[in-house]
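Trainee: Hey, can you work out the whole structure from these sequences and the hints?
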Amino acid sequence: MAEQTMIQALRAGLRDEMARDERVVLLGEDIGVAGGIFSATQGLRREFGAARVWDMPLSENGIVGISVGAALGGLRPVAEIQFADYLFAALGQIANEAAKLRYRSRGAWTCPIVVRAPYGGGGGGPDHTQSVEAFFAHIPGLKVVIPATPADIKGLIKAAIRDDDPVIFLEPKRLYHEPVGAVPDDDYIVPLGVATVRRAGTAASVITYGAMVVESLAAADLLADDGIAIEVVDVRTLQPLDFATIAASVHKTNRAIVFHEDVRFGGFGAELAAFISEVCFADLAGPVLRIGALSLPTPASPELENAVLPNAQTLITAVRHLTAQ
Amino acid sequence: MAEQTMIQALRAGLRDEMARDERVVLLGEDIGVAGGIFSATQGLRREFGAARVWDMPLSENGIVGISVGAALGGLRPVAEIQFADYLFAALGQIANEAAKLRYRSRGAWTCPIVVRAPYGGGGGGPDHTQSVEAFFAHIPGLKVVIPATPADIKGLIKAAIRDDDPVIFLEPKRLYHEPVGAVPDDDYIVPLGVATVRRAGTAASVITYGAMVVESLAAADLLADDGIAIEVVDVRTLQPLDFATIAASVHKTNRAIVFHEDVRFGGFGAELAAFISEVCFADLAGPVLRIGALSLPTPASPELENAVLPNAQTLITAVRHLTAQ
Amino acid sequence: MRLARLDARRITLDLQPDDLLRAYRLMLRARLLDERLAELRAQGHAIGGAVCRGHEAAQVGCVEPLRVGLDYILPYYRDLAAMLAVGMPVEAIFLNQLSRATDPISGGRMRPAQWNSRALRVVSASGLVATQTLHAAGIALAAQLRHEGAVALTFFGEGATSEGDFHEALNFAGLHHLPVIFVCENNGIALSTPQTAQMPVAHVADRAAAYGMPGVIVDGSDVLAVLATAREAFARARAGQGPTLIEVIIPRLSGSGDDADPRDPVEGLRAYLLSRGDMTPAADASLRAELRAAQEAALAAALDAPLPDPQTVRDHLFAPGSAPTEDERKGG
Amino acid sequence: MRLARLDARRITLDLQPDDLLRAYRLMLRARLLDERLAELRAQGHAIGGAVCRGHEAAQVGCVEPLRVGLDYILPYYRDLAAMLAVGMPVEAIFLNQLSRATDPISGGRMRPAQWNSRALRVVSASGLVATQTLHAAGIALAAQLRHEGAVALTFFGEGATSEGDFHEALNFAGLHHLPVIFVCENNGIALSTPQTAQMPVAHVADRAAAYGMPGVIVDGSDVLAVLATAREAFARARAGQGPTLIEVIIPRLSGSGDDADPRDPVEGLRAYLLSRGDMTPAADASLRAELRAAQEAALAAALDAPLPDPQTVRDHLFAPGSAPTEDERKGG
Ligand SMILES: Cc1ncc(C[n+]2csc(CCOP(=O)(O)OP(=O)(O)O)c2C)c(N)n1
Ligand SMILES: Cc1ncc(C[n+]2csc(CCOP(=O)(O)OP(=O)(O)O)c2C)c(N)n1
Ligand SMILES: [Mg+2]
Ligand SMILES: [Mg+2]
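Chains as they are written, first to last, in numbering that gives the first Met the number 0: chain A, 0 to 324; chain B, 0 to 324; chain C, 0 to 331; chain D, 0 to 331.
The set of hints was computed from the structure by calculation and includes no laboratory data.
Label-pair restraints from in silico Cβ distances:
1) A:Phe242 <-> D:Pro309: 36 to 42 Å
2) C:Glu147 <-> D:Thr195: 24 to 30 Å
3) C:Arg145 <-> D:Ala41: 45 to 51 Å
4) A:Met0 <-> D:Ala41: 35 to 41 Å
5) C:Ser191 <-> D:Ala238: 29 to 35 Å
6) C:Ser321 <-> A:Asp220: 34 to 40 Å
7) A:Ala50 <-> C:Thr11: 35 to 41 Å
8) D:Thr195 <-> A:Phe242: 46 to 52 Å
Heads up, incomplete: computed chain C residues facing chain A, CB under 10 Å, no partners named:
9) His134
10) Leu144
11) Leu316
A short, non-exhaustive set of chain B residues, derived as facing chain A with CB atoms under 7 Å:
12) Pro125
13) Asp126
14) Ala133
15) His137
16) Pro139
17) Gly265
18) Ala269
19) Ala272
20) Pro296
Beta carbons are placed, not taken as given, at the ideal position from N, Cα and C, and that holds for glycine.
Mentor: Shown next, in the form of structure tokens:
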């Protein structure tokens, strides 16, 4: 076990898989010599050579399309997109090609790529802080992963690279450098499709992922002081979704709050809330509440960003409201 | 009043607005000389000239990006994308540029464009039948419209063109040529943001839009024979959404089924169901059910397409299930 | 004049009568099948597809140097002749056109003519133009890294070159001298849009310089000219000298059935073979009869084949053993 | 040698000493402001931005023929000197760099240097490279249709030319002879990626031929050379002769502060003005002092300006009076 930041654990996971399987290649802007703008790939070009770590021309659609081709040609490409917001420009290749290749060819061709991108708030403005998980989770043929801890980012990136289908791997960038966490040194895998209970509780289930896991745990500490014990479920994989773990938690607590930093309207929280409302209908002592960003672009200045994105305090207010009913 | 198909009524609406406002220009692939692959723009180039109806080079991202520019330059561009599936390739320009221009410039620049595209089932296979409304409804700064009748398509396209912000206008292509419906001859506007009750009922509210409105009305007829009177709410505008009309219907019937042809998981129906489940919690006699496509690409052959997409029969089964509870 | 050109080319390329007859047979087979598929569509038997007529020499010539099963092909919907030439059975094509369960191309999942064959290394085509150009670049990158010696050959129309994908693909391929060949089958029109409304340059090949690769224009009436061009491009790719952009000018043939059009690639080669005595009119007639008979047998079998089974609709979304989807879990 | 070239250019362009002094003043003002902004960033006062150093001649030269308020500018983050040259106040730039409520560029909604001014027809820039090239083509289309006589001038780096948007924009502009000027400020690097890892051609301008437009390479050390090139491009655009692609080679200056670099555009013009006696060293020194004083006054005012007000965060999502959003309806 080592104490690592998420970015360190991510780099360790990438390095592991590159050492294990020479088909694993990295493609992205500024990931080679510079080691990536968030340093996820630092040192990997020196260790594995330029033929394994490609500084790509400035084109996100091109990076993904070329990765799809490289996968068709027998490699295991891991594409880095510098900010998740740039993925919109690559959605043609992701949605119509990567996601459909296996299905449309009835398994003749497959597309084992991982597309990694930092996402979410922390001061980038309207086109550098977007949460994009709802788009990808809605596309059949993709898997969508969002780690929230150093151990998980290592275990999940390794599972994603070994997966035989395209995986969209979204990294909450404001957690890259803190908090640190214990990360297993060995060949550590977190299987896709399995949620985890980060904190057990009885008053309400908070279903969350990404940076909001950290906010939820902070809220849980504060609420515990008042004797309110919330359960925090970290979804980790949005597609395929671990319905069972979520339903079991709500069955126990009878109350649910869905919490993400993406815009609430039409966000992935709608799927979670709709599913819980239907499947746990008889269990629910109150409506499933949803917390997300306002329906606005996220402004850059901290004063304005904070007015748009939710946080621990937003959750605390919602928990108090729900448990008072 | 004339009896028209949707495509005729759409053409009439486009023609009206072009005659009314010379800033309205059409841009798209094969829309000029050929009049569009579904004939939406037939005759308009002859009537208004080549400077108003542009046969664009084959590039959807380019068509949208150039439309954004044309709007910045003072025009009112209406872009046709031949199939909604091609919009994925244009999402960079739509999500990061069109949707954010007004907000990021605090109103200095605006982007009054309409992006029209046929969408949905009816035999095109995985990349020619996708429902894409969930993506756009989730992006702050866009309006999203889906007409289901000839009168509405005329009234809504005219409202969309006059709107000062970007509108994504999705046309259920399997309704283009039938059924016909009465369409007001005059300057007929259907305001954005207003849902309508297509059929009043008491047993359950079906919240739907697009081609599933027609399926819902067919189901309503069949269920009426058994004495089950469902209410059919046609959402018409997904963003901004008419929460009040939907909530009022569920308040009356105490049961709700959300019904679209898009993939259910993460679809716009999740937003509808989550919203109804929360706001109408005390009204609900049973869980809000959701009907949508299976989480698969839509295959081309009718046998397989029918196995993936829902229809009137799927709704009937759900209504019986819900009302039996 | 045309015959003289073919003659000169034959000598330069050192082709034997058998080589010419093989090319003729491949083109003729595609022509006859293309006509039969169009008939089926006209009769409402089939749900889509694209005409190959006039494109035969472009395709047959370009795949000639290809090593089947090693090199990759990334075709578009017009590439019927290319598919036949690399060994796709006529049966498969009828099954595909009729969307049968046993169609090895997509089993009815895609509309017809979105080619696919793992064994032949024909990469499953989508319904979106130009996307495959990026895949071709990526495959060539993989081939280069794996020292596999494979070349990626991709086809597309001139309309497709307006997409950003084309630019991104050629830029990357040129940058890293990848073993990929870009073939534009320029028939001058994209649906209804003529080339003059598509791009401001006279030739797609004029764009090759922007990507640091040779751009070659070749006459699509003349299969030997195409073949010579393709051989050079393959040689360059295999020698590590990088990509080539080939623009084949597809002849605009007069109304279908008029085989006497002198620019018709099938008719041109036929006239040449007859003029040299490499083929007699009787041999030509019996070849046609043979191809037609095989075609009808394949069609009959395809018409008898079952329609797709809805029970199979969930297969192949993810790898076997992968986490189940929502629907599978719910049995819904 | 360098001075002799400037001299020849001055004569050809028939520039008077005042013209040269104006250009010098504009470039110097940008240089001093750029340095001050970098200091603020280094002190942690500000949250982002980009360096303009070395790009001054490219920008000042290119905007010289522009008719402010009629022609459109679609800049990118480096275009500080262009913004100053067309009349954006220094105050606005400090307010923007410090993300203040009163910043007229975005009021803290965008990171710094995403320029915008409706009055100056500077189109609001996003944080995504190359997207503005399509907007420039679209604006030029509108200008052409409206017979407005406006030209669209857009700037971008050489890295941005790898995006599909660039291809699509130039293709459309070339096709319809639109009044648009594409200026690539080629500084040889995109973040960490050198041009040699970006594209297989030596010059971005080499790509112009693929779009049926002239491609001109010009030395970014020499503001008069840039100006001459820009004048020609504007004349072409205004005469309905279509777009031009200008590639300005930005000099890679040695470490900041070393004004003696002979390729430095500011220093080069300064040396020329001094050599001709158009400016005395004393006049130069007092100009610097004047610019610095104005700059400090503007900065002081900006530091006093209020931070953005969270109450305004919902403004301008849609047109006033448009249907309310979810949050507004719910008051949430
Ligand atoms: C991305 C995309 N946009 C539009 C279409 C619709 N479409 C199908 S074929 C075609 C024309 C293609 O023309 P070209 O590339 O010249 O090929 P050709 O059919 O002439 O051989 C168009 C616009 C599509 N399939 N994919
Ligand atoms: C679409 C997009 N991709 C990536 C980035 C991240 N990024 C910002 S600047 C930059 C390099 C741009 O290089 P170049 O175009 O040469 O301009 P320069 O900064 O050198 O003037 C990159 C990759 C971005 N802003 N937008
Ligand atoms: Mg064509
Ligand atoms: Mg650069």
